[in-house]
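Asks: Chain by chain, the residues run as shown.
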Amino acid sequence: MTEKKNVICRCEEIEIDEIRKWIDAGYTNFEELKRILRVGMGPCQGRGCRDIILRELSKATGKPVAELLPGVIRPPVKPVKAKLLAEDNE
Amino acid sequence: MTVKTADVIIVGGGVHGASTAYELAKAGVNVVLFEKEYLGSGGSGRSAAGLRQHFGTETNLHMAKYNLQVFPTLEEELDTGMSLEFTQWGYMWVAYADTVLAQLQKNVDLQRSLDIPSVMMKPDEVKARWPYLCMDGIIGVAFCGDDGHINPQTLTLSYGHAARRLGAIVKTYCPVAKLLAENGKIKGVVTEDGEEWHAPKVLLSAGPWSTPLAATVGVDLPVYPERHNLLITEPVEVFDCPMVLCLDDGAYFKQCPNGTFMFGRDDQDEPHITESTNSAKFLEGVTKSVLKRIPALSGVRVVRQWSGPYDNTPDHNAIIDWTSVEGLLVNCGWSGHGLQFGPSGGRVCKELLMGEKPFVDLYRFRLARFAENDLFFEPAFI
Chain A
0 MTEKKNVICR CEEIEIDEIR KWIDAGYTNF EELKRILRVG MGPCQGRGCR DIILRELSKA
60 TGKPVAELLP GVIRPPVKPV KAKLLAEDNE
Chain B
0 MTVKTADVII VGGGVHGAST AYELAKAGVN VVLFEKEYLG SGGSGRSAAG LRQHFGTETN
60 LHMAKYNLQV FPTLEEELDT GMSLEFTQWG YMWVAYADTV LAQLQKNVDL QRSLDIPSVM
120 MKPDEVKARW PYLCMDGIIG VAFCGDDGHI NPQTLTLSYG HAARRLGAIV KTYCPVAKLL
180 AENGKIKGVV TEDGEEWHAP KVLLSAGPWS TPLAATVGVD LPVYPERHNL LITEPVEVFD
240 CPMVLCLDDG AYFKQCPNGT FMFGRDDQDE PHITESTNSA KFLEGVTKSV LKRIPALSGV
300 RVVRQWSGPY DNTPDHNAII DWTSVEGLLV NCGWSGHGLQ FGPSGGRVCK ELLMGEKPFV
360 DLYRFRLARF AENDLFFEPA FI
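Protein sequences, first through last, are from chains A and B.
Quick note on numbering: the first sequence equals residues 0 to 89 in numbering that gives the first Met the number 0.
Quick note on numbering: the second sequence equals residues 0 to 381 in numbering that gives the first Met the number 0.
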């Protein structure tokens with residue numbers, strides 16, 4: 000049987016073990032993990048991985064998820080074709 | 000309350016603060032760095048992170064050359080497990096007017112005299128090498144193939160990570176409330192949590208946030224924030240598109256090693272703020288301008304936009320100098336080209352803080368130049 004990979008960020012193909020490794024190295028907030036691993040930077044901007052990562056951070060820090068910084072979701076939120084943005088919108 | 004002590008305190012965890020912490024820790028100095036959020040959260044991590052040796056003054060060129068000597072082996076040196084994503088796909092300055100082309104030629108002549116492999120290229124040569132570029136109206140370009148790109152987030156985080164491993168204390172989410180001075184000498188800092196730290200030497204490298212912090216000990220810095228915007232697309236097939244900077248409307252674009260494209264465009268009307276707010280006007284203006292030059296990207300999706308503050312000075316060059324408060328060194332005011340100067344900035348600050356002779360002459364970066372009206376004119380700034 001092939002080894003199962005537990006990919007939690009499908010945009011960047013990041014596995015849960017990788018997240019846990021960097022949390023263990025002392026990066027205990029979503030903003031830092033995002034910048035080391037690109038989780039939350041792909042086309043879904045963390046819709047798939049954010050909750051799972053926040054739960055991991057909660058376990059590691061003992062803080063409830065509600066008290067953790069969730070990171071920033073940026074415009075245009077859903078990917079938009081460049082030529083549509085370049086059109087005149089008078 | 001217990002006062003803690005260090006040999007050197009660094010205020011600001013951008014790339015210059017982090018690289019200085021790394022250099023000092025490597026030299027065995029007891030150093031503590033304070034950052035208000037995470038490392039690189041100010042201008043550094045938000046940078047377009049172009050790496051170039053296209054400058055028009057010897058001072059900047061000596062430092063730029065050093066940066067490009069460091070970057071190729073830096074990931075191995077810092078050894079943190081983070082990828083710095085360094086590429087050398089080149090950096091192109093595109094001229095649309097004769098006066099601009101003449102200045103590029105002068106810059107390239109100076110670069111070549113310092114053994115930097117820049118060249119001038121004619122429009123047909125550009126077309127032959129990069130057939131996907133459609134740049135109507137161009138009259139020539141300056142290009143350096145050794146220049147390139149780095150990931151500004153992992154660069155800053157890696158410097159901090161390596162500094163910690165070497166014994167530096169790097170305190171994130173720990174904003175400094177004020178600097179402390181006594182009898183004309185620096186004494187330390189107080190954090191917003193009320194922690195007091197003392198050190199005989201303090202480096203202030205907090206980008207545009209340096210100005211209000213310097214004012215707490217009576218030092219006036221002519222450094223102010225200016226918002227700049229960027230966007231990133233979804234990844235496409237990697238074709239090593241260099242950084243292309245268009246000198247008509249200030250638009251620029253490049254491919255990142257993961258296949259995404261970064262678009263940016265400077266705008267004189269941007270607000271002078273440190274807040275990283277977003278602009279719909281930017282999205283429309285930048286896509287219009289960039290798609291004219293690289294129409295193949297018109298169907299590519301824009302994923303995210305963000306902004307970050309430049310730390311501008313009146314002559315768009317940095318200040319690296321001791322201040323009127325003994326023991327207080329400043330390194331800020333890079334005005335938009337600071338990220339790539341992390342290696343050389345860290346080196347010269349380490350040299351100054353340890354009483355060594357800096358490897359380049361820092362006279363042009365002195366603080367007094369503004370009062371003396373002896374500005375540091377750099378013909379190649381963006």
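Hints may contain errors.
[Unchecked claim] Distance condition first, Cα-Cα at most 30 angstroms in a straight line; then the derived DSS-like pairs of lysine-lysine: (1) A:Lys82 x B:Lys25; (2) B:Lys121 x A:Lys20; (3) A:Lys4 x B:Lys25; (4) A:Lys58 x A:Lys20; (5) B:Lys291 x A:Lys77.
[Claimed, not checked] Some but not every residue of chain B turned toward chain A, in silico, with C-beta under 8 angstroms: (6) Gly39; (7) Met120; (8) Leu156.
Honestly, the hints are just simulated from the structure, not real lab data.
Glycine included, each C-beta is placed from N, C-alpha and C at the ideal position.
Asks: Against which earlier hints does the structure fall short, listed by number upward?
Replies: Of the numbered hints given earlier, those the structure breaks are 1, 2, 3, 7, listed in rising order.
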